[in-house]
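Protein chains in written order, with our numbering: chain Y, 1 to 158; chain R, 1 to 158; chain F, 1 to 158.
What the hints contain is simulated information worked out from the structure, not anything from laboratory work. All of these numbers come straight from a predicted model, not from anything done at the bench. Even glycine gets a Cβ: it sits at the ideal position worked out from N, Cα and C. The reader is advised that the hints may include incorrect statements.
[As the list claims (entries may be wrong)] Distance ranges between label pairs, derived from CB positions:
1) R:R152 <-> Y:W99: 34 to 40 Å
2) R:D10 <-> Y:D15: 25 to 31 Å
3) R:N88 <-> F:A158: 45 to 51 Å
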Amino acid sequence: MTDLNRIAPDVVLGDNVSVVAFVNLYGCTVGDDTRIGPFVEIQSGVTVGARCKISSHTFICEGVTIEDEVFVGHHVCFTNDRDPRSTNPDGSLQTADDWELLTTVVRRGASIGSGAVILPGVEIGEGALVGAGAVVTRDVPAGTVVAGVPGRPLRPRA
Amino acid sequence: MTDLNRIAPDVVLGDNVSVVAFVNLYGCTVGDDTRIGPFVEIQSGVTVGARCKISSHTFICEGVTIEDEVFVGHHVCFTNDRDPRSTNPDGSLQTADDWELLTTVVRRGASIGSGAVILPGVEIGEGALVGAGAVVTRDVPAGTVVAGVPGRPLRPRA
Amino acid sequence: MTDLNRIAPDVVLGDNVSVVAFVNLYGCTVGDDTRIGPFVEIQSGVTVGARCKISSHTFICEGVTIEDEVFVGHHVCFTNDRDPRSTNPDGSLQTADDWELLTTVVRRGASIGSGAVILPGVEIGEGALVGAGAVVTRDVPAGTVVAGVPGRPLRPRA
Numbered sequence: 001m002t003d004l005n006r007i008a009p010d011v012v013l014g015d016n017v018s019v020v021a022f023v024n025l026y027g028c029t030v031g032d033d034t035r036i037g038p039f040v041e042i043q044s045g046v047t048v049g050a051r052c053k054i055s056s057h058t059f060i061c062e063g064v065t066i067e068d069e070v071f072v073g074h075h076v077c078f079t080n081d082r083d084p085r086s087t088n089p090d091g092s093l094q095t096a097d098d099w100e101l102l103t104t105v106v107r108r109g110a111s112i113g114s115g116a117v118i119l120p121g122v123e124i125g126e127g128a129l130v131g132a133g134a135v136v137t138r139d140v141p142a143g144t145v146v147a148g149v150p151g152r153p154l155r156p157r158a
Numbered sequence: 001m002t003d004l005n006r007i008a009p010d011v012v013l014g015d016n017v018s019v020v021a022f023v024n025l026y027g028c029t030v031g032d033d034t035r036i037g038p039f040v041e042i043q044s045g046v047t048v049g050a051r052c053k054i055s056s057h058t059f060i061c062e063g064v065t066i067e068d069e070v071f072v073g074h075h076v077c078f079t080n081d082r083d084p085r086s087t088n089p090d091g092s093l094q095t096a097d098d099w100e101l102l103t104t105v106v107r108r109g110a111s112i113g114s115g116a117v118i119l120p121g122v123e124i125g126e127g128a129l130v131g132a133g134a135v136v137t138r139d140v141p142a143g144t145v146v147a148g149v150p151g152r153p154l155r156p157r158a
Numbered sequence: 001m002t003d004l005n006r007i008a009p010d011v012v013l014g015d016n017v018s019v020v021a022f023v024n025l026y027g028c029t030v031g032d033d034t035r036i037g038p039f040v041e042i043q044s045g046v047t048v049g050a051r052c053k054i055s056s057h058t059f060i061c062e063g064v065t066i067e068d069e070v071f072v073g074h075h076v077c078f079t080n081d082r083d084p085r086s087t088n089p090d091g092s093l094q095t096a097d098d099w100e101l102l103t104t105v106v107r108r109g110a111s112i113g114s115g116a117v118i119l120p121g122v123e124i125g126e127g128a129l130v131g132a133g134a135v136v137t138r139d140v141p142a143g144t145v146v147a148g149v150p151g152r153p154l155r156p157r158a
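Chain Y extracted, bound-state conformation (with noise of 0.2 Å):
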């Protein structure tokens, strides 16, 4: 059968890392027994920790850093740009020079519910749950649960 996959040989996978089908990784690090469902791309310099679920359709960007044991839902987004553009004002194509890259973390054990968008430049504590569907644009404290557009705190996490 026809690999569907795209891993490019800088990736750097764990042991037991495992890969359905239709993924784009590129300069990625990926630990230990990691699940990555389809249709996932992760991007140059992202870290991803062991024993985490990437489940399907997430994008994970670049200046994202996922910590050990979390769970990131189908159709999450990531985002590291405040302003992004396609081309500077004197119409030539923006590179990497020509805007600020702000980083995200995901702490160990949070989880990030299914079609959550997390603005650029947030922390997720240690053991949070974001809801699905909620837009982060701030920090989540940990063991918190927020929900919501843009997303509050709810209750602690049980």
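Dock chains R and F against the given chain Y, drawing on the hints supplied.
Just chains R and F now, kept in the frame of chain Y:
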């Protein structure tokens, strides 16, 4: 040309089901004349009825039942777990025994707008319309239009 | 290596258009120097201008026109039908004759943040910025930042 679909041998497709490309289907049943767009995943145990349209980039998880003549837009995301986690407290990877699967039903003739996120355990009533981008957190009455985050009833569907 | 793109013979690509993998393009026109990410679908009749960036997982439907130098983020979803249905009242499958196609225009130099959903029939003005995760339900004035669900004007774009 290379076959760019991934349809497991256990998938049951009715007559005249159309599939374009880049789908990941396994353990599901799809009724007659249903059309499935690209970048769609349908998981085990899902039943999709006849004469449905399942649009591109949509994810239908285990636990979901879709009756006949349902429209599911693009980028729609179903869910089945209220508190998803990658690992158990002892650090072992979660398996199907470690969490409670909640079920969702979409009744005949309902339409789900693009980009909607459906929280687990809801019923979307016959002929209802979920607006694009809505996050559905509770049951949707038959024949009703709901929209927003969280989804709220707006009016009867014409 | 297998070609993991699906680009129909009727697609018109300008000079130096870059396409990575896992795209489904048909009947569309794409201008010079535009970059298209993976897991993107662009439907028939769409025109994308020159020097645009169309990021991964984005869906651009029939009826959408994107002018030059536009940034479209990841997981952006356009729409073109206010009341989508799979079937007609007699149970027959809907065809193009059975519903009204609404058109959407994204003016030059606008940026659409990741995860945004664009309701049908709107105009996104020149140089505007749609925030990540916004649901755009009405026209966006030129040079304005909108965000939220539904999208509301926040401030002029710097």
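Now for the hints, and whether the structure bears them out:
no.: 1; hint: R:R152 <-> Y:W99: 34 to 40 Å; in the structure: holds (37 Å)
no.: 2; hint: R:D10 <-> Y:D15: 25 to 31 Å; in the structure: holds (29 Å)
no.: 3; hint: R:N88 <-> F:A158: 45 to 51 Å; in the structure: holds (47 Å)
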